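Asker: Sequence:
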Amino acid sequence: MLQVSRKFEYGLHAVAYLASRGAERVVTVKEMAEEIGFSPEFLAKAMQSLTRAGIAASVQGVKGGYTLARSAESITVADIGTAIEGQPHLVRCALKAASCEIYSSCPHRGYMTGLQDRIQGLLGATTVAALLRSEERTTK
Numbered sequence: 001m002l003q004v005s006r007k008f009e010y011g012l013h014a015v016a017y018l019a020s021r022g023a024e025r026v027v028t029v030k031e032m033a034e035e036i037g038f039s040p041e042f043l044a045k046a047m048q049s050l051t052r053a054g055i056a057a058s059v060q061g062v063k064g065g066y067t068l069a070r071s072a073e074s075i076t077v078a079d080i081g082t083a084i085e086g087q088p089h090l091v092r093c094a095l096k097a098a099s100c101e102i103y104s105s106c107p108h109r110g111y112m113t114g115l116q117d118r119i120q121g122l123l124g125a126t127t128v129a130a131l132l133r134s135e136e137r138t139t140k
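Residue numbers for the sequence shown follow this note's numbering, so the first one is 1 and each next one is one higher.
These aren't lab readings, by the way, just hints derived from the structure by calculation. Any given hint could turn out to be false.
Subject to a maximum C-alpha distance of 25 Å in a straight line, what follows is the list of computed PhoX-like cross-link-like pairs (lysine-lysine) [unchecked claim]:
(1) 45 / 63
(2) 30 / 45
(3) 30 / 63
(4) 7 / 30
(5) 7 / 45
Restraint-style ranges between C-beta atoms, simulated for each label pair [what the hints assert, rightly or not]:
(6) 30 / 7: 14 to 22 Å
(7) 108 / 24: 44 to 52 Å
(8) 34 / 124: 29 to 37 Å
(9) 62 / 130: 32 to 40 Å
(10) 88 / 48: 14 to 22 Å
(11) 115 / 34: 18 to 26 Å
(12) 114 / 53: 25 to 33 Å
(13) 4 / 24: 12 to 20 Å
(14) 114 / 41: 35 to 43 Å
(15) 30 / 126: 25 to 33 Å
(16) 86 / 60: 50 to 58 Å
(17) 134 / 24: 18 to 26 Å
(18) 105 / 133: 41 to 49 Å
Treat the numbers as computed from the prediction; the structure is a model and nothing was measured. Each residue gets a CB set at the ideal place from its N, CA and C atoms; glycine is no exception.
My request is simple: use the sequences and hints to build the entire structure.
Answerer: Structure representation (structure tokens):
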């Protein structure tokens with residue numbers, strides 16, 4: 001059924017990890033990978049996508065690594081998804097009508113588009129800060 005990619009999971013965990021460490025703290029991929037339990041190589045690829053999107057910032061040098069480029073209040077789950085996966089779509093026709101051979105006669109196009117809009121709305125309304133607050137409440 002519907003499932004997010006592993007790269008998206010890595011990106012979401014990485015952004016939450018950076019946010020939980022504070023705005024000024026620079027964290028290496030190695031540290032994040034060890035702490036979260038992810039592959040450093042795969043996490044590095046997710047961090048590159050997040051940096052290109054302006055969500056994370058790369059700090060060069062001996063004490064280099066990553067930090068958040070924006071506040072956790074201003075980063076949504078949708079921002080992370082778009083940075084990692086590109087434009088979201090549940091079905092091919094949601095991206096480009098020409099990519100579907102039955103676009104004009106599809107009996108469920110409206111339903112799927114509506115579902116996609118609802119999911120995207122939820123992801124867009126959920127900030128990383130809200131995720132962290134939610135996690136704090138559930139772990140107490």
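Asker: Determine for every hint whether it applies to the structure shown.
Answerer: Consistency of the hints with the structure:
1. For the hint pairing residue 45 with residue 63, the CA-to-CA distance comes to about 20 Å; that is within 25 Å, so the pair holds.
2. Proximity of residue 30 to residue 45 is assessed by CA-CA distance (about 13 Å); at most 25 Å being required, the pair is judged to hold.
3. For the suggested pair residue 30 and residue 63, the alpha carbons sit about 13 Å apart, so the restraint of at most 25 Å is met.
4. Pair hint residue 7 plus residue 30 holds up; C-alpha atoms about 16 Å apart against a cutoff of 25 Å.
5. Taking the CA atoms of residue 7 and residue 45, the gap is about 8 Å. The hint holds against a cut of 25 Å.
6. Look at residue 30 against residue 7: about 18 Å separates their beta carbons, and that is inside 14 to 22 Å.
7. Residue 108 and residue 24 have their C-beta atoms about 49 Å apart, which keeps the hinted 44 to 52 Å range intact.
8. Take residue 34 and residue 124: their Cβ atoms lie about 31 Å apart, and the range 29 to 37 Å holds.
9. Between residue 62 and residue 130 the CB atoms are about 35 Å apart, so this pair conforms to the stated range of 32 to 40 Å.
10. For the pair residue 88 and residue 48, the supplied restraint of 14 to 22 Å holds, since their beta-carbon distance comes to about 20 Å.
11. Range check, residue 115 to residue 34: Cβ separation about 38 Å, and the 18 to 26 Å hint is violated.
12. As the Cβ distance of residue 114 to residue 53 is approximately 27 Å, the hint placing it in 25 to 33 Å holds.
13. A hinted range of 12 to 20 Å for the beta carbons of residue 4 and residue 24 is inconsistent with their spacing of about 30 Å.
14. At about 38 Å, the CB distance of residue 114 to residue 41 agrees with the hint of 35 to 43 Å.
15. The supplied range of 25 to 33 Å is met by residue 30 and residue 126, whose beta-carbon atoms lie about 29 Å from each other.
16. Separation of residue 86 from residue 60 is about 27 Å and departs from the stated range, judged on CB atoms against 50 to 58 Å.
17. The given range of 18 to 26 Å is respected by residue 134 and residue 24, whose C-beta atoms sit roughly 24 Å from each other.
18. Separation of residue 105 from residue 133 is about 46 Å and conforms to the stated range, judged on CB atoms against 41 to 49 Å.
Checked against the numbered hints given earlier, this structure breaks hints 11, 13 and 16; the rest are met.
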